[in-house]
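Participant: As you go down the protein sequences, you meet chains L and S in turn. Note that this note's numbering has the first sequence beginning at 1, numbered continuously upward. Note that this note's numbering has the second sequence beginning at 204, numbered continuously upward.
To be clear, the hints were calculated from the coordinates, so they are not data collected in a lab. Any given hint could be a false lead.
[Said to hold, decoys possible] Derived list of chain S stretches under chain L, where covered just means 3 residues or more per stretch with a C-beta under 8 Å from a C-beta of chain L:
{"no.": "1", "region": "220–234"}
{"no.": "2", "region": "326–337"}
{"no.": "3", "region": "387–399"}
By construction, the Cβ of each residue, glycine as well, lies at the ideal position given by its N, Cα and C atoms.
As a plain string of letters, each chain reads:
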Amino acid sequence: MKERVSFLAFLKNGVIDNNPTFVQLLGMCPTLATSTSLLNALGMGAAATFVLICSNLVISLLRKIIPQKVRIAAYIVIIAGFVTMIDLLMQAFVPALSNSLGLFIPLIVVNCIILARAESYASKNKPLPSALDGLTMGIGFTLALSCVATVREILGSGTILGFELFGGVAPLTLFALPAGGFLVLGFFIALVQFLKDRKGGEK
Amino acid sequence: MASLSKKPKSDILRLSVTLCLIAGITALLVAAVNAVTAPEIARRGELKTAQSLKAVMPEADSFEDCGYSGGDITSADGKQVPIDGVWLAKSGNETVGCCVKVSPKGYGGAIEIIVGVTGDGKVAATQIVSMSETSGIGTKIQNPEFYGQFVGKSAGIAGIKGGTPLKNEVQTISGATKSSSAFLRGVNAALTVAESINGGEQK
Numbered sequence: 001m002k003e004r005v006s007f008l009a010f011l012k013n014g015v016i017d018n019n020p021t022f023v024q025l026l027g028m029c030p031t032l033a034t035s036t037s038l039l040n041a042l043g044m045g046a047a048a049t050f051v052l053i054c055s056n057l058v059i060s061l062l063r064k065i066i067p068q069k070v071r072i073a074a075y076i077v078i079i080a081g082f083v084t085m086i087d088l089l090m091q092a093f094v095p096a097l098s099n100s101l102g103l104f105i106p107l108i109v110v111n112c113i114i115l116a117r118a119e120s121y122a123s124k125n126k127p128l129p130s131a132l133d134g135l136t137m138g139i140g141f142t143l144a145l146s147c148v149a150t151v152r153e154i155l156g157s158g159t160i161l162g163f164e165l166f167g168g169v170a171p172l173t174l175f176a177l178p179a180g181g182f183l184v185l186g187f188f189i190a191l192v193q194f195l196k197d198r199k200g201g202e203k
Numbered sequence: 204m205a206s207l208s209k210k211p212k213s214d215i216l217r218l219s220v221t222l223c224l225i226a227g228i229t230a231l232l233v234a235a236v237n238a239v240t241a242p243e244i245a246r247r248g249e250l251k252t253a254q255s256l257k258a259v260m261p262e263a264d265s266f267e268d269c270g271y272s273g274g275d276i277t278s279a280d281g282k283q284v285p286i287d288g289v290w291l292a293k294s295g296n297e298t299v300g301c302c303v304k305v306s307p308k309g310y311g312g313a314i315e316i317i318v319g320v321t322g323d324g325k326v327a328a329t330q331i332v333s334m335s336e337t338s339g340i341g342t343k344i345q346n347p348e349f350y351g352q353f354v355g356k357s358a359g360i361a362g363i364k365g366g367t368p369l370k371n372e373v374q375t376i377s378g379a380t381k382s383s384s385a386f387l388r389g390v391n392a393a394l395t396v397a398e399s400i401n402g403g404e405q406k
């Protein structure tokens, strides 16, 4: 029972209170680049979540061994290792997704969400909570990415998960472009802030 | 005093040994994953090329790599078009044409295209293997209305922006001039290469 409650607390923290994308504003580059379609967003979210869980777990296990002075270098090596593994696995088993995400999979190495969680959480906490933190932050990232991607895919390409929606009506290409990405992201951040503010006011 | 001068030295040793260990173990794990995925990735690559070859030359039942070594082709507008491979398309023992893989530079990087050329130097079909053009704009080169124009055309195809295309002209896509011109350059380069190959075969 206790474990379940704490998992929910983690989930709430990762998805709502400290959502990596909408609240911490981390990982903006992959958010804008891979949110052109829902499938890309889910693929990117899954890959980042995998890396987050693994790197948080390993960094937490090694937190007493890694010397303070070279910790960032050690984190990057560990993260890069996992990213390379998931990149190779995706190329081998889901080549279509790997093609459409292209460069953004290797770029997970420098995704600030992952380094931020390693530095601010995994390096100070036990392995299990760290892995949980990675999982819930990953879910938060995936959900945020999916929200932006859903709006962008419907408006920008007139499809959802590749299915035609409006029967050939020309889509608003702007939303498939980076400018549209910024617009949609901005509105989502505003919405999340508005909801958080309103909740705070009622207290 | 002795211990003071000794400490930084051992500290540096400790830092480097730990970092080396972490990097070493990570490298071993990545190597293990690579060993599992490398054959699969290679197999997928070959399969994809084979499928694309078959798609642009359906009447051929075997393809023979000619080991092209003529280097890049310079297009009419002075740009270099790399040639990635040339295959002779054979039906039984008879050569029915050839396939040329080109990678002209588009708006978002190289566009890999396989062009099937018939024995009399006309475009049989084209197939885009990979590209990273802007989603919704440059990706319009995947529309049959665009690439379909090339079928039956012979070397020296010209691109026009508007009006009705003449015998050996195609209409580029307005708004996606860079991507569609790159495609045009690629097809022309493929035709140039095919001319030399087909010509050599007949002699």
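Participant: Indicate, hint by hint, whether the structure satisfies it.
Facilitator: Comparing the hints with the structure gives:
With 8 residues having a Cβ less than 8 Å from any Cβ of chain L, the region 220–234 of chain S passes the three-residue criterion, so the hint holds. Using a Cβ-Cβ cut-off of 8 Å, 3 residues of the region 326–337 of chain S lie near chain L, which meets the minimum of three, so the contact claim holds. Only residues whose C-beta sits within less than 8 Å of a C-beta in chain L count toward coverage, and the region 387–399 of chain S has 0 of them, not enough to reach three; the restraint is violated.
In summary, the structure is inconsistent with hint 3 from the numbered list given earlier, while agreeing with all the others.
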